[in-house]
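Using numbering that gives the first Met the number 0, you'd call the opening residue of the sequence shown number 0 and step up by one each time.
Hints are computed from structural coordinates only; laboratory data are not their basis.
Just so you know, even glycine gets a beta-carbon here, dropped at the ideal spot from N, CA and C.
Careful: at least some of the hints might be erroneous.
[Said to hold, decoys possible] What follows is a list of derived Cβ distance ranges for each label pair: (1) H96 - S327: 18 to 24 Å; (2) R353 - A232: 21 to 27 Å; (3) S176 - K61: 24 to 30 Å; (4) S327 - L199: 48 to 54 Å; (5) R353 - A66: 27 to 33 Å.
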Amino acid sequence: MPTSSDHAIASGFAGRPRAVQWLALVLLSMLLAGGLLLLQLPAALLLGPLVAGIIISVAGAKLQVPAAVGALSQALLGCMIAHMLPGWSATTALAAHWLLFVLGVLAVIGISAALGWALSRLDILPGTTALWGLSPGAATAMTLMAEAYGADVQMVAFMQYVRVLLVALIASLIAHSLGLNASHGLAGGDWWAPVSWLALAQTLAVAVVGIVLAHGLRWRVGALLLPLILGAALSQTGWVHLAMPPWLIALLYAAIGWRIGLRFTLPLLRHVARALPRVLASSLALIAACGGLGMLLVWFDGVDPLTAYLATSPGGADTAAIIAASTSIDVQFVMTMQMARLLAVLLLGPPLVRLLAAQIERRRHARAGAGA
0 MPTSSDHAIA SGFAGRPRAV QWLALVLLSM LLAGGLLLLQ LPAALLLGPL
50 VAGIIISVAG AKLQVPAAVG ALSQALLGCM IAHMLPGWSA TTALAAHWLL
100 FVLGVLAVIG ISAALGWALS RLDILPGTTA LWGLSPGAAT AMTLMAEAYG
150 ADVQMVAFMQ YVRVLLVALI ASLIAHSLGL NASHGLAGGD WWAPVSWLAL
200 AQTLAVAVVG IVLAHGLRWR VGALLLPLIL GAALSQTGWV HLAMPPWLIA
250 LLYAAIGWRI GLRFTLPLLR HVARALPRVL ASSLALIAAC GGLGMLLVWF
300 DGVDPLTAYL ATSPGGADTA AIIAASTSID VQFVMTMQMA RLLAVLLLGP
350 PLVRLLAAQI ERRRHARAGA GA
């Protein structure tokens, strides 16, 4: 039940005109992102709006990134990744490590499933919530599946997006500690550097076509993947030239940060308050386990630490892409691992979670029957 302190917290923007709420969100995002840029923190343009979204939302603002803007930001992120990918020769060289990618993808899925199963089995988190909440990647798909199978949807969504936030923060701190300062290309005069308007129009066209195809196929993550695939194929063959001017990248990062941050509403935080220590502990345990897997890549394959961390991190592919783009690391390695895992999670995640959930429920019913 809401308390007087809850109402006091939420009264900051409750009832204020929507334009005032958006203005406050934009100004706070600029302030936080600017401060993080001065600290040369990677992904500052994502983390600033993300944290601003959390603050404004908890303060009572009723804002939501429009679905069309969310889809366009995902599509443009796909185009940005496609624009960063090197030529076919590098892709062919990367394909020689296919076994490494397969093992890495399966290991992350296995670690998350094992940890979720253990937490559910020990009743550390209620029902099958841990299984759905710890599934790596595809947060929206896992939340929908959790709802269909009777899990605590709010808790699952909270676990998914807390992990995304933690992965982004930890990656930025690792990059900063390694001296990999932000390389957004957005400092000083770079903001309004000349851009080919034809290339920009082609980029927007690829993004829109990808969105339309994803909508027609009813493929939620297609808004990110289809523009990435189309953009990479068309740009590598010379049919189009992709352009991502700094101001467009900043807007894209802000939209994605707001989309995540504005989900952290006061009712949601109140709902999960008692479980917060367990949620944080389970998320950090999963991140640490995947970080250990990343260290194996460092030791046995010579991958640099931040590349290995981002490639194996259980956060979203979009945040991994943004952080990778903000630093001088192997973007293609990171995105190949992330995209392979995303596809694997979409294919293997739901049946695996259903299998483990059914096993846990059978054990619970058996114990209940024995105790009756």
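- Against the earlier hints, flag every one the structure doesn't satisfy and list their numbers going up. Hints 2, 3 and 4 contradicted; others consistent.
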